[in-house]
Amino acid sequence: MFGVLTKYFSKGDRENAIVISKVLWRQVMSAMESDIDVFNKFIQTPFVAGYTYGFIRIGFSNMGYAEKSEKMYDRWLTFITMPVIKNEKFTEIIRNEVKNLEYSKSAGNDEPVFMFSKGASVGAFDAGIEFFIGKVEPESKEEAKNLERYLTDQRLDWEDNIGTLEEWRKTME
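Per the working numbering, numbering of the sequence shown is gapless, rising by one per residue and ending at 181.
By construction, these hints were calculated from the structure, which means they are not laboratory data. Please note that the accuracy of each hint is not assured.
Calculated cross-link-like contacts (lysine-lysine; reagent style DSBU-like; alpha-carbon spacing at most 30 angstroms) [as the list claims (entries may be wrong)]: (1) 49 to 30; (2) 113 to 178; (3) 97 to 30; (4) 113 to 76; (5) 19 to 153; (6) 79 to 153; (7) 107 to 153; (8) 30 to 79; (9) 107 to 79; (10) 79 to 113; (11) 97 to 49; (12) 113 to 49; (13) 19 to 76; (14) 178 to 107; (15) 19 to 30; (16) 153 to 49; (17) 107 to 30; (18) 97 to 153; (19) 153 to 30; (20) 76 to 30; (21) 97 to 107; (22) 97 to 113; (23) 76 to 97; (24) 19 to 97; (25) 97 to 79; (26) 153 to 76; (27) 79 to 19.
Remember, it's a predicted structure, so these values are computed and weren't measured experimentally.
Turn these sequences into a full structure, and let the hints steer you where they fit.
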């Protein structure tokens, strides 16, 4: 599953990237199995791109890469997201949503940017649950689940909770 890119990265970096990928994969697969129609409605959104960004950045930061978490995100994005949705192009979904943010900004549409930012905040929050600073394996039984919740249109569970997507949109009015 990870063999294609492994020769280009250090073993420790690769192991940490695999751990991050497994958590994303667990959430996405659970959401797909729960309700594929709802999943398909929400997978290609700025929130998911933002969540992935925040989760990977803070995941690496908490694993000891705080000073270079942005570089680690850039370097490992494809490796981490490639196996998340088998036979699909999750990496392309993320990159397309990021490109769409630029178009939205230039068109004066700030909703996608807002959703990306919220996704990044939620992803960072979940990474803090999964990966304690300096440790790859969590010390508690708590698991990150907000990506799965979002992809199944459930209420998010995080410190700045504003509810489902519909409730979120109302707060922007």
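Structure-based check of all given hints:
The straight-line distance between the Cα atoms of residue 49 and residue 30 is roughly 23 angstroms, inside the 30 angstroms bound, and the hint therefore holds. For the given pair, residue 113 sits about 21 angstroms from residue 178 by alpha-carbon distance, which is consistent with the 30 angstroms threshold. Between the alpha carbons of residue 97 and residue 30 the distance comes to roughly 16 angstroms, so the proposed pair stays at or under 30 angstroms and holds. Between residue 113 and residue 76 the alpha-carbon distance is near 27 angstroms, which keeps this suggested pair within the 30 angstroms criterion.
At most 30 angstroms may separate the alpha-carbon atoms for a hinted pair to count; residue 19 and residue 153 meet this at roughly 27 angstroms. Of the supplied pair hints, the one linking residue 79 and residue 153 holds, its CA atoms being roughly 25 angstroms apart against a limit of 30 angstroms. With a CA separation close to 26 angstroms, the supplied pair residue 107 and residue 153 stays within the 30 angstroms bound. Proximity of residue 30 to residue 79 is assessed by CA-CA distance (about 20 angstroms); at most 30 angstroms being required, the pair is judged to hold.
In summary, the hint linking residue 107 to residue 79 is supported, as the alpha carbons are separated by about 18 angstroms, within the 30 angstroms threshold. Taken as a hint, the residue 79 and residue 113 pair is honoured in the structure, with Cα atoms around 24 angstroms apart against an allowance of 30 angstroms. For the hint pairing residue 97 with residue 49, the CA-to-CA distance comes to about 16 angstroms; that is within 30 angstroms, so the pair holds. For a cut-off of 30 angstroms, the pair hint linking residue 113 to residue 49 stands: about 23 angstroms separates their Cα positions.
Between residue 19 and residue 76 the CA atoms are separated by roughly 17 angstroms; this keeps the pair inside 30 angstroms, and the hint holds. At roughly 25 angstroms between alpha-carbon atoms, residue 178 and residue 107 fall within 30 angstroms of each other, so this suggested pair holds. Between the alpha carbons of residue 19 and residue 30 the distance comes to roughly 16 angstroms, so the proposed pair stays at or under 30 angstroms and holds. Taking the CA atoms of residue 153 and residue 49, the gap is near 18 angstroms; set against the 30 angstroms cutoff, the hint holds.
For the suggested pair residue 107 and residue 30, the alpha carbons sit about 25 angstroms apart, so the restraint of at most 30 angstroms is met. Between residue 97 and residue 153, the direct Cα distance comes to roughly 22 angstroms. Compliance with the 30 angstroms bound is thereby established for this hinted pair. In summary, the hint linking residue 153 to residue 30 is supported, as the alpha carbons are separated by about 13 angstroms, within the 30 angstroms threshold. Of the pairs offered as hints, the one joining residue 76 and residue 30 holds, with about 21 angstroms between alpha carbons and a cut-off of 30 angstroms not exceeded.
Distance check on the hinted pair: residue 97 and residue 107 sit about 15 angstroms apart at the alpha-carbon level, within 30 angstroms; holds. For the suggested pair residue 97 and residue 113, the alpha carbons sit about 25 angstroms apart, so the restraint of at most 30 angstroms is met. Between residue 76 and residue 97, the direct Cα distance comes to roughly 26 angstroms. Compliance with the 30 angstroms bound is thereby established for this hinted pair. For the suggested pair residue 19 and residue 97, the alpha carbons sit about 25 angstroms apart, so the restraint of at most 30 angstroms is met.
Of the pairs offered as hints, the one joining residue 97 and residue 79 holds, with about 22 angstroms between alpha carbons and a cut-off of 30 angstroms not exceeded. For the proposed pair residue 153 and residue 76, the alpha carbon gap of about 26 angstroms is at most 30 angstroms, so the pair holds. Between the alpha carbons of residue 79 and residue 19 the distance comes to roughly 17 angstroms, so the proposed pair stays at or under 30 angstroms and holds.
Of the hints listed earlier, there is not a single one the structure fails to meet.
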